[in-house]
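Number of protein chains: 2
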Amino acid sequence: MDCILSPEKTKLIVQMFPYKTSLFIDRSCAQPLYVQLSNQLIQLIKDQKLPPNTKLPGTRTLSDILQVHRKTVVACYEELLLQGWVESIPKKGTFVNSCLPDVTPQDYVEEKVAIDSIQGFSFYTNQFLNRKTNELLEGVLYVNDGISDTRLTPVNEIARTYRRIASRKSIFEHLSYGSTYGNEKLREVLANYLNTTRGLHISKENILITRGSQNGIYLSSQLLLRKGDVVVVGNTNYISADITFLNAKATIKRIDVDECGLVMDDLEELCKKHTVKAVYVTSHHHHPTTVTMSAERRIHLLNLAKRFGFAILEDDYDYDFNYNHAPILPLASHDTNGNVIYIGSVCKTVAPVFRIGYLIANTSFIEEAANLRRIVDRQGDALLELTFADFIQSGDLDSHIRKVLKIYKTRRDLFCDLLSKKLSKYVEFEIPKGGMAVWVHLKEPYKWTAVAEVAKKYKLDIGEYERYDTANTNHNCIRMGFASCNENEIKEFIARLALTMKHLEKGA
Amino acid sequence: MDCILSPEKTKLIVQMFPYKTSLFIDRSCAQPLYVQLSNQLIQLIKDQKLPPNTKLPGTRTLSDILQVHRKTVVACYEELLLQGWVESIPKKGTFVNSCLPDVTPQDYVEEKVAIDSIQGFSFYTNQFLNRKTNELLEGVLYVNDGISDTRLTPVNEIARTYRRIASRKSIFEHLSYGSTYGNEKLREVLANYLNTTRGLHISKENILITRGSQNGIYLSSQLLLRKGDVVVVGNTNYISADITFLNAKATIKRIDVDECGLVMDDLEELCKKHTVKAVYVTSHHHHPTTVTMSAERRIHLLNLAKRFGFAILEDDYDYDFNYNHAPILPLASHDTNGNVIYIGSVCKTVAPVFRIGYLIANTSFIEEAANLRRIVDRQGDALLELTFADFIQSGDLDSHIRKVLKIYKTRRDLFCDLLSKKLSKYVEFEIPKGGMAVWVHLKEPYKWTAVAEVAKKYKLDIGEYERYDTANTNHNCIRMGFASCNENEIKEFIARLALTMKHLEKGA
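Taken in order, these protein sequences are the chains called A and B.
Heads up: the first sequence at position 9 corresponds to 9 in full-length UniProt numbering, and the numbers run straight through without jumps.
Heads up: the second sequence at position 147 corresponds to 147 in full-length UniProt numbering, and the numbers run straight through without jumps.
There could be a bad hint or two in this list.
Once the Cα atoms are required to be at most 25 Å apart in a straight line, the calculated DSS-like pairs of lysine-lysine come out as [unchecked claim]: (1) K71/B with K406/A; (2) K227/B with K227/A; (3) K185/B with K433/A; (4) K403/A with K306/B; (5) K204/B with K169/A; (6) K204/B with K132/A; (7) K204/A with K433/B; (8) K459/A with K433/A; (9) K169/B with K71/A; (10) K249/A with K227/B; (11) K185/A with K132/B; (12) K71/A with K132/B.
Covered, in the sense of this in silico footprint (three residues per stretch, anywhere, with C-beta under 8 Å from a C-beta of chain A), are these stretches of chain B [to be verified]: (13) 25-31; (14) 184-193; (15) 491-501.
Pairwise CB distance ranges, derived in the manner of DEER restraints [as the list claims (entries may be wrong)]: (16) N156/A with S364/B: 36 to 44 Å; (17) N192/B with H274/A: 24 to 32 Å; (18) T133/A with K491/B: 27 to 35 Å; (19) R226/A with E205/B: 43 to 51 Å; (20) K425/B with S28/A: 49 to 57 Å; (21) A30/A with K425/B: 24 to 32 Å; (22) A30/A with G507/B: 55 to 63 Å; (23) F128/A with N195/B: 30 to 38 Å.
Derived from the structure by calculation, the hints contain no laboratory data.
In this text, a Cβ means the ideal position worked out from N, Cα and C, and glycines have one as well.
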């Protein structure tokens with residue numbers, strides 16, 4: 001024990017301290033008076049304004065000085081005693097504890113310095129994690145990556161269901177610590193839903209409920225990748241996936257992406273040279289270029305995975321949004337060898353605020369992922385998970401998808417039509433078969449970085465070109481999301497972009 | 001491109017395939033008929049039951065065979081065409097694509113094997129992550145670590161607030177991608193609340209909203225610790241923290257814990273020998289032994305942190321539950337050098353299902369934590385965060401704490417009283433000043449593992465002793481949570497434990 005109490009004081013410093021001016025009582029404050037007093041006395045003790053062995057005034061004296069009830073001072077001293085800041089010596093009084101370690105007297109100014117400017121310890125930083133965040137400004141239009149229109153989210157219906165579920169008599173069982181796999185009911189409903197809609201052959205044991213797709217990519221990366229392990233991605237790829245793999249210290253190898261998706265002959269060559277641990281694929285549709293992976297490539301990829309024993313990380317973020325035909329079934333539906341880790345969420349489909357996603361794989365992988373998630377965030381939100389089980393089972397999710405699909409198709413058509421009519425001099429693009437964004441190539445001699453600079457004048461925020469060129473190939477393309485904008489916003493957007501380009505053309 | 005279309009077939013295999021018996025139409029299924037058909041045909045193609053170049057029957061023929069409308073077959077063939085499984089040769093018909101890569105014919109039985117039993121890729125497993133989970137059985141009483149009684153959770157009030165917030169006209173702004181730091185409003189409310197109740201001096205920039213305390217420990221560990229970095233914990237410590245540090249590949253060093261908390265002289269010695277990166281402390285109250293860290297030790301710890309430049313990871317999970325006096329202010333309130341990372345949540349106080357916690361530190365650390373959280377789970381749940389901003393600001397959180405504090409105090413008193421009256425022959429313990437559990441020492445010659453075995457006969461689940469002895473000191477103590485049990489449950493619990501001990505005594 002490093003704390004020795006000294007019941008008999010050898011030396012008692014009796015100091016006349018300006019209590020009246022040093023202690024402040026705020027009767028309008030919610031904090032009880034005795035707590036206000038004790039906190040201030042503790043501060044004075046720590047600052048050595050009241051050094052060890054200082055005799056504190058008697059309770060009657062202090063209550064007179066401060067004009068508070070004596071009981072308040074008594075409660076304050078009891079508190080200090082309990083916390084060990086002072087000791088009480090019978091018939092002598094209350095003294096600042098003699099065995100408090102030496103506290104270097106603090107300069108009062110230094111002490112007031114906010115914690116902000118100080119960093120008392122070191123930690124690891126990763127430059128690649130550092131990403132700019134836009135502060136949204138009134139009147140400015142922002143080019144986005146392809147996000148849904150939250151004005152169409154049936155948030156009232158979902159909140160009503162949430163409340164209905166919360167008011168069930170048996171709900172308290174779901175309020176305590178729950179399964180790290182996610183709510184059982186939602187896992188059952190999802191297994192059934194995904195088997196029907198996506199041709200999977202899974203049971204609830206193959207599902208971990210995540211906090212959205214990114215959480216699924218993260219958990220998988222942590223289990224699949226260690227320093228130097230090879231993960232293969234497209235030669236331009238979804239930047240968040242890249243960053244997640246880098247954070248796991250993996251080595252990223254890139255293969256070409258053409259109009260049929262990732263080029264499998266390149267992957268086969270790579271597999272012969274390196275031990276590939278995982279291939280990340282947004283089969284439907286490739287992020288950022290929006291192409292759909294062809295059937296032939298899909299089979300080829302599955303065969304390579306089986307042959308070389310790597311995991312296919314299939315991020316099916318865009319499954320629900322196909323305008324020309326029914327969605328193409330995911331790789332996971334054709335996976336007879338257990339190579340596919342299938343990741344999806346309702347975040348794109350319903351709204352990003354509802355952090356409900358799924359990680360689907362063989363049971364031993366799911367088990368390990370559930371163990372890992374226990375230390376990452378312990379568990380999900382069972383109330384929200386039950387809400388979405390209801391939302392899916394009732395058919396409301398499907399109705400919502402049907403509704404927005406029509407709207408987004410109209411927006412895609414309008415956006416592409418205007419882009420073609422007003423800007424074909426400057427840009428070229430393919431009409432995307434699905435998803436929420438167009439992959440727009442800027443013709444020579446224009447550069448997106450320069451466009452972004454001029455666009456600001458027209459209250460248009462193009463965003464960073466770099467996020468779409470993680471492999472530094474200078475393809476001069478960016479994604480332009482159309483789904484989140486209504487008709488007027490799309491018209492306004494195209495008008496501002498046209499003004500920007502004309503401005504640049506004159507200047508060029 | 002590795003896909004070469006061959007418009008002119010050199011060889012056309014015309015095979016009479018038993019379509020009638022191989023294709024099943026389920027009219028009761030929600031899936032459109034043409035999708036059912038296409039999925040089955042894709043499977044047949046993949047299995048090489050329909051090999052490349054096979055001519056498919058005409059749409060009229062197949063519709064006759066299957067007794068479906070011809071339009072259904074037309075839609076199905078269009079789908080297969082779009083997905084690239086078949087090609088259409090004018091005036092010749094529809095053929096299985098010639099350039100599908102060789103698919104090794106699958107044994108039908110092997111194919112039906114669930115993904116469960118197959119693991120087509122390798123991944124890293126950590127034995128220490130593997131923890132047993134109890135399946136709760138009817139009629140069994142479970143010893144817990146000290147959890148709240150969710151029957152007291154004001155879940156209806158919270159759900160009502162959630163719905164009210166969701167129905168605001170401006171809510172759609174909060175439904176899209178949001179700040180990785182958490183909702184701004186909750187950060188403001190929390191800064192104010194924690195400054196008032198815990199004597200902190202922070203602004204919202206010092207706060208990251210987490211998914212509960214464990215999430216805060218995880219994020220901090222990932223930023224503070226790399227392979228071999230030293231983290232110091234008590235010689236028995238909260239097992240989840242230990243596991244989280246091990247997962248970060250840190251080296252755990254242990255120091256003694258006595259009735260005043262972590263022994264600082266030991267820490268000082270350790271700091272002289274090793275570079276200590278972080279010290280994990282549950283200052284209030286030590287997990288698992290329930291002792292409160294003394295004021296003297298607190299100052300000593302802060303001074304050592306300043307001198308040796310390590311981070312103090314203060315997990316203040318028990319702050320709200322003190323029965324004898326006002327809560328002791330956290331280390332974070334005395335931290336003038338920015339060494340403390342302060343972690344807390346509403347999970348213990350309100351209910352574990354509400355995954356709202358906070359990580360508080362200097363702004364550069366918080367910024368890096370927010371960058372990391374972007375790839376871990378992107379962001380929090382703004383609707384729930386706004387709900388809790390309201391719950392805290394309205395004073396409802398404080399009322400709830402006052403209400404349950406009284407109830408838990410009564411339960412603690414009853415539990416300790418009965419434990420003392422009925423079981424003092426077998427156990428010894430100190431009445432805890434706060435928290436939700438008693439640290440119960442089993443006297444010789446009894447062992448908790450043996451007790452747990454016998455207790456099962458009396459429908460009492462003691463749980464694992466090992467979780468409380470992470471340092472293998474054989475202290476023969478476990479935590480017994482009392483807060484989650486009402487009066488009758490406590491009586492029943494003690495009765496069953498007494499029966500168990502008598503059984504063992506006779507047997508011994």
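Each hint, compared with the structure:
Taken as a hint, the K71/B and K406/A pair is honoured in the structure, with Cα atoms around 22 Å apart against an allowance of 25 Å. Restraint check for K227/B and K227/A: the C-alpha separation of about 12 Å stays at or below 25 Å, so the hint holds. Distance hint between K185/B and K433/A is unfulfilled; the C-alpha atoms sit about 40 Å from each other, more than 25 Å. Among the hinted pairs, K403/A with K306/B is inconsistent with the structure: their alpha-carbon atoms are about 59 Å apart, more than 25 Å.
Among the hinted pairs, K204/B with K169/A is inconsistent with the structure: their alpha-carbon atoms are about 37 Å apart, more than 25 Å. A threshold of 25 Å between alpha carbons decides the hint, and for K204/B with K132/A the separation of about 19 Å falls inside it, so the pair holds. A distance of roughly 44 Å separates the Cα atoms of K204/A and K433/B; the hinted pair therefore is violated under the 25 Å criterion. Distance check on the hinted pair: K459/A and K433/A sit about 30 Å apart at the alpha-carbon level, beyond 25 Å; violated.
Taking the CA atoms of K169/B and K71/A, the gap is about 50 Å. The hint is violated against a cut of 25 Å. Pair hint K249/A plus K227/B holds up; C-alpha atoms about 13 Å apart against a cutoff of 25 Å. Note on K185/A and K132/B: the hinted pairing holds, with a Cα-Cα distance of about 21 Å set against a maximum of 25 Å. Distance hint between K71/A and K132/B is unfulfilled; the C-alpha atoms sit about 51 Å from each other, more than 25 Å.
Counting residues of the segment 25-31 of chain B whose C-beta lies closer than 8 Å to any C-beta of chain A gives 3; at least three are required, and the coverage claim holds. Residues of the segment 184-193 of chain B lying with their CB closer than 8 Å to a CB of chain A number 0, which falls below the three-residue condition for coverage. A count of 0 residues in the segment 491-501 of chain B with a Cβ less than 8 Å from any Cβ of chain A is obtained; the coverage claim is therefore unmet, three being the minimum. About 41 Å separates the C-beta atoms of N156/A and S364/B, a value consistent with the hinted range of 36 to 44 Å.
The given range of 24 to 32 Å is broken by N192/B and H274/A, whose C-beta atoms sit roughly 54 Å from each other. For T133/A and K491/B, the hinted distance range of 27 to 35 Å is not satisfied, since their beta carbons lie about 55 Å from each other. The hinted range of 43 to 51 Å is not satisfied by R226/A and E205/B, whose Cβ atoms lie roughly 35 Å apart. In this structure, K425/B and S28/A meet the distance hint of 49 to 57 Å, their C-beta atoms being roughly 55 Å apart.
Restraint check, A30/A to K425/B: a C-beta distance of roughly 47 Å breaks the suggested window 24 to 32 Å. Between A30/A and G507/B the C-beta distance comes to about 57 Å, which sits within the given range of 55 to 63 Å. For the hinted restraint 30 to 38 Å between F128/A and N195/B, the CB-CB distance of approximately 35 Å keeps it satisfied.
Hint compliance for this structure: hints 3, 4, 5, 7, 8, 9, 12, 14, 15, 17, 18, 19, 21 are broken, all remaining hints hold.
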